[in-house]
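Asker: So for the sequence shown, the numbering used here puts the first residue at 1; every next one is plus one.
Do not take every clue at face value.
[What the hints assert, rightly or not] Below are the DSS-like pairs computed for lysine-lysine, each with C-alpha atoms no more than 30 angstroms apart in a straight line:
1) Lys188 to Lys251
2) Lys251 to Lys217
3) Lys217 to Lys188
[Claimed, not checked] Simulated DEER-style distance windows between Cβ atoms:
4) Asp160 to His265: 43 to 49 angstroms
5) Glu262 to Gly92: 22 to 28 angstroms
6) Pro236 to Arg150: 17 to 23 angstroms
7) Ala38 to Gly163: 45 to 51 angstroms
8) Thr298 to Ala39: 21 to 27 angstroms
FYI, nobody ran anything at the bench for these hints, they're computed from the structure.
Computed from a predicted structure; not experimentally measured.
Don't be surprised by glycine CBs; every beta carbon is placed ideally from N, CA and C.
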Amino acid sequence: MAREHEVAHLAPWRRRRADRAMLRACDRRARRGAPDGAALDRLRRERELADLLDGSLANGDFFVLLQPKVRLADGAVAGAEALARWFHPREGTIYPSEFVPVLERSGAVRALDLYVFERVCERLARWLREGREPVPVSVNLSRRHFEDPRFVARFADTADRLGVPRGLLEMELTESIFLDDEAIDNVKRTVHDLRAAGFSCSLDDFGSGYSSLGLLKEFDVSALKLDHRFFRDDTPRARDVVEAVVRLAAKLGLDTVAEGIEDEHQLAFLQSVGCGLVQGYVFAEPLPFDEFEHWADTRARAVASGAGSASRSVPGMPAASRNMRTAASMSR
1 MAREHEVAHL APWRRRRADR AMLRACDRRA RRGAPDGAAL DRLRRERELA DLLDGSLANG
61 DFFVLLQPKV RLADGAVAGA EALARWFHPR EGTIYPSEFV PVLERSGAVR ALDLYVFERV
121 CERLARWLRE GREPVPVSVN LSRRHFEDPR FVARFADTAD RLGVPRGLLE MELTESIFLD
181 DEAIDNVKRT VHDLRAAGFS CSLDDFGSGY SSLGLLKEFD VSALKLDHRF FRDDTPRARD
241 VVEAVVRLAA KLGLDTVAEG IEDEHQLAFL QSVGCGLVQG YVFAEPLPFD EFEHWADTRA
301 RAVASGAGSA SRSVPGMPAA SRNMRTAASM SR
């Protein structure tokens, strides 16, 4: 569970005061004859979510799922991404597309990221105690962390306290982190500090922005995650771009992960161009920890028998868990 001091630094009074100020502004516009009902409803919803966060972290209303990353060379599970899901006892499922932007604006996303990181470390520590072969797990890292000069130490201390080698943990950084010119030196220094501390760093959503190639020159990341938009259009030009990116990454010594892959045709193409890892529904949706372990064990047996590289998915997903994830399977 999140500790009290992890939630206390969020200064909820400050974000609530800002929310109230925005609501008053909307009310004033409405009284002047310029009603903006949709905006007012949105701001009220954002205030509700911000107010719910502290209690939800303390009560364990957030769940962490793992989506496997499969190595195309042999079909083995080579990693996973941790994804947060919010199931509030009164509100029900709150989707990442709704709560992540709210938490980003308020800064509360920092507490959520650390919460997810600690749950991941606890599970990795359990795997090590049980003699299970661990796989590296990546966690999302918000740009808001870069406002805190001590955040690298906070993550490192958490891993060390739970006895998890830092090399098993990867920080996924979205392109938006790198696009603030005023903070670029701080970001570069912090990425260097993360690598020096023993964490891996990957560039998430690569190709979703307009300065991706420049980022490869400036920042010391160890992997690229190809954005799902690369695979929306199956055209010769789109395939050429993906192949060129995979080759460039290999030349730079970077791993490549294709995310959001959903069908066998995409999988065959990625295999043909030498992409390293694939993450997506073509193999598995995000799974609770215990089901991830079951899926990985079944996958390992399939690989050992020689069937894993061609196997699309693994049977045996309990129906109740499948229904729960169907309602909240959108990635962050």
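Asker: Compare the structure with each hint and give your call.
Answerer: Evaluation of the provided hints:
Distance hint between lysine 188 and lysine 251 is fulfilled; the C-alpha atoms sit about 22 angstroms from each other, no more than 30 angstroms. Distance hint between lysine 251 and lysine 217 is fulfilled; the C-alpha atoms sit about 13 angstroms from each other, no more than 30 angstroms. Proposed proximity of lysine 217 and lysine 188 is supported: the alpha carbons are some 11 angstroms apart, at most 30 angstroms. Against the hinted window of 43 to 49 angstroms, the Cβ-Cβ separation of aspartate 160 and histidine 265 comes to about 44 angstroms, which satisfies the hint.
The hinted range of 22 to 28 angstroms is satisfied by glutamate 262 and glycine 92, whose Cβ atoms lie roughly 26 angstroms apart. A hinted range of 17 to 23 angstroms for the beta carbons of proline 236 and arginine 150 is inconsistent with their spacing of about 49 angstroms. Restraint check, alanine 38 to glycine 163: a C-beta distance of roughly 49 angstroms satisfies the suggested window 45 to 51 angstroms. Taking 21 to 27 angstroms as the suggested C-beta distance range, the pair threonine 298 and alanine 39 does not conform, at roughly 48 angstroms.
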